[in-house]
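Peer 1: Single-letter residue listing:
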Amino acid sequence: MIERKVDALLAVVGLVLFAIIYGLIEADVIGPFWKLNIIIICINVIMSVSLNLINGYTGQFSLGHAGFMAVGAYVSVVLTAKLHLPFAVAILVAAIAAGFVGFLIGIPTLRLNGDYLAIATLGLCEIIRIVIMNINYVGGAAGFTGIPHYTTFTWAFLVMLATLFFIKNFVNSAHGRACIAIRENEIAAEAMGVKIVNYKVLAFTLGAAFAGVAGALFAHSFYILMPGTFSFLQSFNYLIMVVLGGLGSITGSIAGAFVVTGISAALAGVPEFRMIIYSIILILLMFYRPQGLFGYVEITNLPLFRYLKNISPEAKKAMGIDTEDSGKGGKA
Amino acid sequence: MAESILKCSNVSIVFGGLTAVDDFNMYINEGELIGLIGPNGAGKTTAFNLLTGVYAPTSGTIEFCGENVTGMKPSDITARGMARTFQNIRLFSELSVLDNVKIAFHKHIRYNLLEAALRIGRYMEDEIRTDIEAHKLLKIFGLDDLAGETAKNLPYGAQRRLEIARALATGPKLLLLDEPAAGMNPQETQDLMNLIAWLRKEFKMTILLIEHDMSLVMGICERIYVLEYGKTIAMGGPAEIQKDPHVIRAYLGGDD
Numbered sequence: 001m002i003e004r005k006v007d008a009l010l011a012v013v014g015l016v017l018f019a020i021i022y023g024l025i026e027a028d029v030i031g032p033f034w035k036l037n038i039i040i041i042c043i044n045v046i047m048s049v050s051l052n053l054i055n056g057y058t059g060q061f062s063l064g065h066a067g068f069m070a071v072g073a074y075v076s077v078v079l080t081a082k083l084h085l086p087f088a089v090a091i092l093v094a095a096i097a098a099g100f101v102g103f104l105i106g107i108p109t110l111r112l113n114g115d116y117l118a119i120a121t122l123g124l125c126e127i128i129r130i131v132i133m134n135i136n137y138v139g140g141a142a143g144f145t146g147i148p149h150y151t152t153f154t155w156a157f158l159v160m161l162a163t164l165f166f167i168k169n170f171v172n173s174a175h176g177r178a179c180i181a182i183r184e185n186e187i188a189a190e191a192m193g194v195k196i197v198n199y200k201v202l203a204f205t206l207g208a209a210f211a212g213v214a215g216a217l218f219a220h221s222f223y224i225l226m227p228g229t230f231s232f233l234q235s236f237n238y239l240i241m242v243v244l245g246g247l248g249s250i251t252g253s254i255a256g257a258f259v260v261t262g263i264s265a266a267l268a269g270v271p272e273f274r275m276i277i278y279s280i281i282l283i284l285l286m287f288y289r290p291q292g293l294f295g296y297v298e299i300t301n302l303p304l305f306r307y308l309k310n311i312s313p314e315a316k317k318a319m320g321i322d323t324e325d326s327g328k329g330g331k332a
Numbered sequence: 001m002a003e004s005i006l007k008c009s010n011v012s013i014v015f016g017g018l019t020a021v022d023d024f025n026m027y028i029n030e031g032e033l034i035g036l037i038g039p040n041g042a043g044k045t046t047a048f049n050l051l052t053g054v055y056a057p058t059s060g061t062i063e064f065c066g067e068n069v070t071g072m073k074p075s076d077i078t079a080r081g082m083a084r085t086f087q088n089i090r091l092f093s094e095l096s097v098l099d100n101v102k103i104a105f106h107k108h109i110r111y112n113l114l115e116a117a118l119r120i121g122r123y124m125e126d127e128i129r130t131d132i133e134a135h136k137l138l139k140i141f142g143l144d145d146l147a148g149e150t151a152k153n154l155p156y157g158a159q160r161r162l163e164i165a166r167a168l169a170t171g172p173k174l175l176l177l178d179e180p181a182a183g184m185n186p187q188e189t190q191d192l193m194n195l196i197a198w199l200r201k202e203f204k205m206t207i208l209l210i211e212h213d214m215s216l217v218m219g220i221c222e223r224i225y226v227l228e229y230g231k232t233i234a235m236g237g238p239a240e241i242q243k244d245p246h247v248i249r250a251y252l253g254g255d256d
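Chains as they are written, first to last, in the numbering used here: chain A, 1 to 332; chain B, 1 to 256.
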């Protein structure tokens, strides 16, 4: 009904965007360099949105997201390059594997709070990387070679769209509200009947699973996969995207991934100034918009969507509330 | 004789060397409105925290609806039908008034994760029901016009009322109110008293109330427990309590 209308509108917007970019790539308006960067943006959107689920919505400060990405990346390349399974199966198994690792790590660490959790997840992410580096079956420190080049723009974009829908629907459901309640006030959330440990672990597991999906897409964008890619610096990079875009905003995470990846790609031509300009932009953004580009605001809060989201007339009738105040959503 | 809905037997809690609540005994019958009073630091809020599972007692047992709930987690106790408000307001302050109440409907939600992600099955039915019930509750508390407002922007009195609305949304049999009139002006306190009386009648609610405002406590409570330094110094009807020499000494100092 109302929510389905918003969903349909968002899906149309997403698919139109897909068609435009796809057309531009086919027409060679977007060259191979930017095509690769668009794929990376899609992957980074998955990473930042899934990290936002943990850090922004549930309020648990995790710093180990690249570790889950590594799990997904390595599991998927083993499935495709060694076992010759289809890409879709590899993505799915990567999600399950990364989610499972997230679950195992989440149970002990989510009893910690704030800084302690950040340090614990940072350490565990490094452990994952070092374990992978020492497994010769996946190439060890030298890297895994001979990966089939499966990740196309279509794969990256459609998987990203599916991820966005899943996480958007999750945070707008009672389960997502329970996670947000934990962020807002843990004691009150528990007093309202929210099982806080379960929901923290759930958010962590889901976030890790989507990082696994992103890892699978990432691994199949290149011919070689190195464990060094998934260092804690990479985790910080995703954290920057989330904070820059706005903790607790999906729209913000998309914007964050877009801006951070875009800036670093656009500055590829001036490598000597790249990090300086990048840092200055970050400092300025944090100085003038400490809540991130979007804060808690979502694109669906724009008037067009607000009108659709307003409570349905039949529900209002059932409540005995007159429909006069529905004008506040910008009903034309 | 009505059934005891809550029964505490010899409940004590020790923090380091301090016995915050000492040998606390209390029973609440169904439908009663009980007051819990005492000077600052007497252990009233600690007693609440023990009942709702925030702290596990050092010794003693707490029975709720015939079930031993000693040492259970707060979320499990809430699921069994006990809800509370907080002395220092604990709203989900960045969320809308409506979402604050919706979160408290948590235990009535039946759809699972997959149904939520795909918006299929029981999702729509449950969400619409939650929305309607939440609006109904907000209407009772005169907050329906503020449903879209961020909770932290509400005036103080409205925040207090929202906390009670949120507690009621969990569908409790027993409602614990921790100083609901704190910081309210006399008119707001009067309105609150009427509201509490109305709630009892309408929802057949059993209520335990911590309060400093004596006119409120004496006006509506049927029985009153008085705590001082963690010990129960008196229990009885308002008239008895007002005459009790221990209570007078505790509140006014040793002049009898």
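No lab work stands behind these hints, which were simulated from the structure alone. It is possible that part of the hints are untrue.
Stated by the list, open to error - Listed below are the simulated DSSO-like cross-link pairs for lysine-lysine, each with C-alpha atoms no more than 30 Å apart in a straight line:
1. B:Lys204 <-> B:Lys73
2. A:Lys168 <-> A:Lys5
3. B:Lys139 <-> A:Lys168
4. B:Lys139 <-> A:Lys5
5. A:Lys5 <-> B:Lys136
6. B:Lys7 <-> A:Lys168
7. B:Lys152 <-> B:Lys107
8. B:Lys7 <-> B:Lys139
9. A:Lys168 <-> B:Lys204
10. A:Lys5 <-> A:Lys82
11. B:Lys231 <-> B:Lys107
12. B:Lys139 <-> B:Lys231
13. A:Lys168 <-> B:Lys173
14. B:Lys107 <-> B:Lys139
15. B:Lys107 <-> B:Lys243
16. B:Lys139 <-> B:Lys173
17. A:Lys5 <-> B:Lys173
Peer 1: Would you mind confirming whether the straight-line C-alpha gap from Lys168 (chain A) to Lys173 (chain B) stays at or under 30 Å?
Peer 2: violated (35 Å)
Peer 1: Please work out if Lys168 (chain A) and Lys5 (chain A) have their alpha carbons no farther apart than 30 Å.
Peer 2: Answer holds: Lys168 (chain A) to Lys5 (chain A) is near 14 Å, not above 30 Å.
Peer 1: Need the status of pair Lys168 (chain A), Lys204 (chain B): alpha-carbon distance at most 30 Å?
Peer 2: Violated. Lys168 (chain A) to Lys204 (chain B) sits at ~39 Å, over the 30 Å cutoff.
Peer 1: Given the hinted pair Lys139 (chain B) and Lys231 (chain B), is their Cα-Cα distance within 30 Å?
Peer 2: Not satisfied, since the Cα-Cα distance of roughly 40 Å exceeds 30 Å.
Peer 1: Run the distance test for Lys139 (chain B) versus Lys173 (chain B): straight-line Cα separation, threshold 30 Å.
Peer 2: holds (21 Å)
Peer 1: With the threshold set at 30 Å, check whether the alpha-carbon distance from Lys5 (chain A) to Lys82 (chain A) stays at or below it.
Peer 2: violated (44 Å)
Peer 1: Check whether the Cα positions of Lys107 (chain B) and Lys139 (chain B) lie no farther apart than 30 Å.
Peer 2: holds (21 Å)
Peer 1: Assess, step by step, whether the Cα of Lys139 (chain B) is no farther than 30 Å from the Cα of Lys168 (chain A), and give holds or violated.
Peer 2: holds (29 Å)
Peer 1: Run the distance test for Lys7 (chain B) versus Lys139 (chain B): straight-line Cα separation, threshold 30 Å.
Peer 2: violated (33 Å)
Peer 1: Does Lys7 (chain B) pair with Lys168 (chain A) here, judged by a C-alpha cut-off of 30 Å?
Peer 2: violated (44 Å)
Peer 1: Sort out whether Lys73 (chain B) lies within 30 Å of Lys204 (chain B), counting only the CA atoms.
Peer 2: Holds: Lys204 (chain B) and Lys73 (chain B) sit about 26 Å apart, inside 30 Å.
Peer 1: Decide if the proposed pair is consistent with the structure: Lys5 (chain A) and Lys136 (chain B), CA atoms, cutoff 30 Å inclusive.
Peer 2: holds (25 Å)
In the structure shown, a violation is registered for the earlier hints numbered 6, 8, 9, 10, 11, 12, 13, 15 and 17, in ascending order.
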